[in-house]
Amino acid sequence: MGTFILRRILILIPMLVAISFLIYLGLELTPGDAVSHMIPPDVANTLSAEDLEALREQLGLNQPFLLRFWIWLTNVLQGNFGHSLEAGVAIKDIFLDRLPATLELSGFAILFSTIIGCFLGTISALRRGSATDNSLTVVGMLGVSIPEFFFGLVALSFFALHLEWLPVGGRLMPGYDSFWDRAPHLVLPVLVLSLMMTAGVMRYSRAAMLDALSREYIRTARAKGLPGWRVNLLHGLRTALTPVVVLIGFRLPALIGGSVIIELVFQWPGLGNEFIAAVRGQDYPLVMMIALFSVLAMLLASLIIDVLTALIDPRVRLE
Amino acid sequence: MSDIALEVDDIKTYIYSNRRCNKAIDGVSFSIRRGKTLCIVGESGCGKSITASSIMQLLPALSRIEGGSITYHSDAGEIRIDKLPRNGARMRAIRGSEIAMIFQDPMTALNPVYTVGFQIAENLKYHTKMTARAIRDRCVALLRHMGIPLPEQRVREYPHSLSGGMRQRAMIAMAMACNPKILIADEPTTALDVTIQAQIFELMNRLKAEHGTAILLITHDMGVVAELADDVAVMYMGKIVEAGTVDDILRRPRHPYTRALLSSIPVLGRGKNQSIRPIRGSTPDPYNRPPGCQFAPRCDFATEACQRMPDETFVAPTHRVLCWNHDRVAASG
Ligand SMILES: Nc1ncnc2c1ncn2[C@@H]1O[C@H](COP(=O)(O)OP(=O)(O)O)[C@@H](O)[C@H]1O
Ligand SMILES: [Mg+2]
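Protein chains in written order, with our numbering: chain A, 1 to 319; chain B, 1001 to 1333.
No lab work stands behind these hints, which were simulated from the structure alone. Hints are supplied without guarantee of correctness; some may be wrong.
[Unchecked claim] Distance windows between CB atoms, simulated: (1) Ser1044/B to Ser130/A: 24 to 34 Å; (2) Ser130/A to Asp1285/B: 41 to 51 Å; (3) Glu216/A to Tyr1287/B: 22 to 32 Å; (4) Ser1163/B to Ser130/A: 52 to 62 Å; (5) Val1194/B to Met1/A: 56 to 66 Å; (6) Arg127/A to Tyr1287/B: 45 to 55 Å.
[Stated by the list, open to error] Some chain A residues flagged as far from chain B (calculated, every beta-carbon gap over 12 Å): (7) Gly225; (8) Leu234; (9) Leu241; (10) Val279.
In this text, all values refer to a predicted model and were calculated from it rather than measured experimentally. Virtual Cβ for every residue (Gly too), placed ideally from N, Cα, C.
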């Protein structure tokens, strides 16, 4: 298992280099002076043309392309992501500010949708053809087909505007920054995001469970005289988990990168909102770094998927 | 105590689908003797597996035992299996412990995500009061007993790292874990190659001799019957058309279908020049059955009388046949 994980990580390295190369290429091709995002813009404004040229030399911006890439890469690896053009602050600080909000929202959504989705999908499969199964199937279909912004707006107007139970949006009020202060703000976006994801997980786990239950080893387990719960959960659900893990894993990057629409609807100060703002403001360095971050999240997610499926299914470990 | 382990009397199991009824088993009777092998033989689709599933109460969802009785002669007295709730505690206590079953394809019959040891241990955990340590030792001992080399190692391995033959041995180890009175084997070697097949049969014969296990062996292969059976029941379209001891069936077949089956395979010892004839025609659609004798449309001996279902005739105390023309069949040599 250890060597399996190590090998998967080693495979990632060339991919990471290639992707960061493409991102850097993008950065170089964007309009504007490269030096402007290497240093805070307000500092840049006070410098004379000669000083700027000296700085360019000092930062290695006059070096050949590959060397520039190398300098940029070592900077990124040390946590120096450059500066945002719009806000003039270090991109690293923007990440430190926005990422926790996004992780909080997605973390809860993944947790709830996985638990509830697997539970409902399993029930649905075990009661195949029953009224429970049919109504869950209809609800699931609605869940995956209603766009999330619509659902978000409905929830917002009902719970926040009409009933006034919950805040309309945002995350922190000045001076209130414990988790319990933010909890009311968290409820609606987590609810909407989880519900959309639950529908998918449910449909997927139902199908996977039905497939698992039709396998011959289920009959073997029943022929051993095992009780129903053990046959269904230990032999059925356990093998049905692999495809479900893959589905959830593939959603991870989108969620870590910020669920753009939900964050927009609920004014959630996460990476997704930041991304929209950066694109609008043509803040290329920031857009590129968020893109790089999303790609990283994607690779990380695929690593997690591989490790989890290997843990669940011993056959995967062999390859 | 009688020498009968299980008695099936006029059992009828119907499968329903799309508002249609498939009379998959339509009045089947046989008994399995202690320490003996009963072979049920017949072409694919004739109801062999459904017979086994009826005994185990592991039938498909939309099916039901509509009549007849299945009586298991346990040490504690007779148990009417057909009267037990399908997934009730009493039925589960019998499954895997008193009556165990192995299946056709050991590749798919073992759960790929659990070790061989785990899957054998499950059986012991639910049917005995053994400690975890004793269970572990017993798993290793069982694998060794089934002729699996390096059992201490194999017990910790996953099914995919075992060969087909080894997996079937592991399946048998699992089935034999609680020393069942009856072992049902549904085409246990169809998926294996011939040399492995012989080894598995040898193992089954040894278990029968050592433990007095009664074996219900399901097969479509008359060659297997000749090798293993004490008693034989020949099945066609949900009915037993002929039953008797292995000698009765192989030496004095009285049903045209039995004879057709026998002449469709080469028999060891009959020399090179035996004529091998496949049975003409094909099995009828179970939803559109011929009236009367089910085999009549394919039968060389068919007469007007075959439009009605024949009665069961005992041609010897152990030998019964379901055919109007069994005398003519016997006379034809
Ligand atoms: N799970 C099932 N669902 C519906 N029909 C079935 C099922 N299993 C078997 N049957 C039907 O029951 C009849 C007997 O099948 P089976 O006992 O499996 O035959 P075999 O002798 O090859 O084992 C066949 O007509 C088959 O189509
Ligand atoms: Mg079968």
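(message) Tell me the hint numbers this structure goes against, listed in increasing order.
(response) 2, 4, 5, 6, 7, 8, 9
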